[in-house]
Amino acid sequence: MSPRAACRLATLGFEQVYDYMPSKVDWMARGLPLEGENAGQPRAVDIARTDVVTCGLHEPLGAVHDRVTSSPYGFAFVLGPDGVLLGRLRKASLEQDPDTRAQDAMEPGPSTTRPDTPPDKLLAKLHGADLTTAVLTDPEGRLLGIVRRADLDGTAI
Amino acid sequence: MSYTQILYPRLRELLDHDAQLVEVLPPGEYQELHLPRAINIPLKTLDAQSAAALDRARAVVVYCWDGL
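In the order they appear, the protein sequences are chains A and B. Per the working numbering, residue 437 is the first one in the first sequence, and the count goes up by one each step. Per the working numbering, residue 1039 is the first one in the second sequence, and the count goes up by one each step.
Honestly, the hints are just simulated from the structure, not real lab data. Just so you know, not all the hints are guaranteed correct.
Claimed, not checked - Derived, one-sided and incomplete: chain A residues facing chain B with beta-carbon distance under 10 Å:
hint, residue
1, A441
2, R444
3, N474
4, Q539
As the structure is a computational prediction, the values presented were derived from the model and not from experiment. In this text, a Cβ means the ideal position worked out from N, Cα and C, and glycines have one as well.
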């Protein structure tokens, strides 16, 4: 629909016309603010935790291990350029040789969730898959944060 | 007489430079959810009269639900 609108504006003599092709779906998938009657409905991104440990591909596990130990979580995420999520380092992986590079110990391609997912649907998804944590990324795969199942079902301490 | 298709990074730049944002979906969908500061000119009503609400000296960015 938006290409036709952009074309129409151009035919009306507007000289600076742009079509944001991915449109509202893309904006919502980034967890960005919205306005309107339904704008106040809760989204996963609104309750996401952003204090999870991250590291680069070439970082030695020893350094990551120390950060994870002093964090509330037992894992870390491995990020590529621009913060794109590439892998996950679980606690067992972090116990390997401290000189091992993160990219050689990570589990590649963690499953992710859209940040605009309603919390009740996210909770059902986590229960259904028997998972404790949802990982939120934007459409480019950049890490936005995590949501723990305990945050959703009220059992968080 | 043309327009440019853009992705989010360019949209961000344009919004930072005071571009006008126009949702072209029907009013009901706009009322439920729209991008911040967007105005609503539904495609079915887009003509010279409704477009007069726009400033021709500034960039205009249109969007719908998913670009289709």
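Verification of the supplied hints:
1. A441: 4 Å, holds
2. R444: With a closest approach of 5 Å, the R444 (chain A) hint holds.
3. N474: Nearest chain B Cβ about 5 Å off; hint holds.
4. Q539: 27 Å, violated
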